[in-house]
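Given these sequences and hints, build the entire structure.
These protein sequence lines map, in sequence, to chains Y and A.
Using my numbering, read the first sequence as starting at 1086 and increasing by one per residue.
Using my numbering, read the second sequence as starting at 60 and increasing by one per residue.
Keep in mind that a hint or two might mislead.
As the list claims (entries may be wrong) - Distance windows between CB atoms, simulated:
| hint | chain 1 | residue 1 | chain 2 | residue 2 | range |
| --- | --- | --- | --- | --- | --- |
| 1 | Y | Asp1228 | A | Cys150 | 21 to 27 angstroms |
| 2 | Y | Thr1252 | A | Ile96 | 39 to 45 angstroms |
| 3 | A | Leu74 | Y | Ile1115 | 31 to 37 angstroms |
| 4 | A | Cys150 | Y | Asn1110 | 35 to 41 angstroms |
| 5 | A | Ile71 | Y | Lys1106 | 20 to 26 angstroms |
| 6 | A | Met134 | Y | Ile1299 | 34 to 40 angstroms |
As the list claims (entries may be wrong) - Listing some non-contacts, in silico: residues in chain A with all C-beta distances to chain Y over 10 angstroms:
| hint | residue |
| --- | --- |
| 7 | Asn117 |
| 8 | Tyr182 |
| 9 | Glu186 |
The hints are simulated quantities; they were obtained by calculation from the structure and are not laboratory data.
Here a beta-carbon is modelled for each residue, glycine too, at the ideal position from N, C-alpha and C.
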Amino acid sequence: MKGQTFVIMAIIIVIVMVMLKSSLNFVKIIENKRYIESGLERYQFQNVKDELEKTIQISYPNGKNITDNLNEFLKFSRQRFKSRTIELNGLFLEAYFPTIETGIDTRLNVSVLNLLGETINTINLSFSGSGVGQTQTNYTFEDYNILDTNFTFNLQANVYNYTLNITYNTSSENATKIIIIPTEVGKTKYIYYFDIRMVSNKLEQRDILESTVILNESS
Amino acid sequence: MKGLLKSLEAIIAVLIILTVFITYFGTKEALPEFETITWQLKGFNSLKALDDSNELKNYTKTNNTSGLETRLLSMLPRDIDYEVVICDLTCSDPNIESEKLTSITYLTVGGVNDFQSKQVILYMYRE
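As structure tokens, then:
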């Protein structure tokens, strides 16, 4: 074997080593890890949403119980995540009315929980529909606070969809949401609208949960 | 003379390889840790499965950590140790000493007529 052969072999080995090294893409591996970790945060966000819906299911048949339990769970979750530097924020609106009878005034109880992480400067709730037009405005609605209010309606038909319009503004956002209140003679309903957000240093997540639950219906 | 030259070239070859090896592979770049993330995902999914089947509330209601640990035996990897803490907002520290330790938290609200916000913290480790 000639002496140059050693040098040529050494160069070949060096090329192979360089190729091996460059095929190990550390940036991609770290990105993959971050992705998997953010997947875990997505699970945790889903966990909160699932338990919110479960709270509604297990807090039947009283609309007041649902509101109290939801508020408790939300405050609990928020504190829990805060200790791990994850912000759980949102605006949570619940509306509840007892069994409706035709031609009799019925009260719609509305509860709004501010967990936006900031003060709502102005919040406007407007309830409208057949023969109804009521508006309530509140100022300086602090974070962690609950706004309880009510509206009255008198259902003349068997079924009617009223409209609850919520408008609010904070130092960082202005928002408007229209919520349908589907009233029906002989039924008790609970309507919710949750705008829920989770923010960490890895991920920002936001979701809207809204639905109507029939709590009771008279035969 | 020819033999000496051959040896010299062999030494040069070794030096080239050594230089490149030290330059490229000398700096330690630690590979990210994936195993503990896998544990976290498995732990979370196990608790979620128990919650979905309404089993979890039976353990959280009575703070039955040992019962829950036994139940998790068939759901978690065999090669890891684990410990469960059930608590509300203030939770005790299990004081586990291990080089590889991770934990996940699962929030739960209990069951019908038994609403209770609780967290289940699953510590997973290998000694």
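Comparing the hints with the structure gives:
1. Y:Asp1228 - A:Cys150: 21 to 27 angstroms: For Cys150 (chain A) against Asp1228 (chain Y), whose Cβ atoms are near 25 angstroms apart, the range 21 to 27 angstroms holds.
2. Y:Thr1252 - A:Ile96: 39 to 45 angstroms: holds, 43 angstroms
3. A:Leu74 - Y:Ile1115: 31 to 37 angstroms: holds, 34 angstroms
4. A:Cys150 - Y:Asn1110: 35 to 41 angstroms: With Cβ atoms ~39 angstroms apart, the hint holds.
5. A:Ile71 - Y:Lys1106: 20 to 26 angstroms: holds, 22 angstroms
6. A:Met134 - Y:Ile1299: 34 to 40 angstroms: holds, 36 angstroms
7. Asn117: holds, 14 angstroms
8. Tyr182: Non-interface label stands for Tyr182 (chain A): nearest chain Y Cβ at 15 angstroms, farther than 10 angstroms.
9. Glu186: Since the minimum Cβ distance to chain Y is about 24 angstroms, Glu186 (chain A) lies beyond 10 angstroms and the statement holds.
Going down the numbered hints, you'll see the structure goes against none, and every one checks out.
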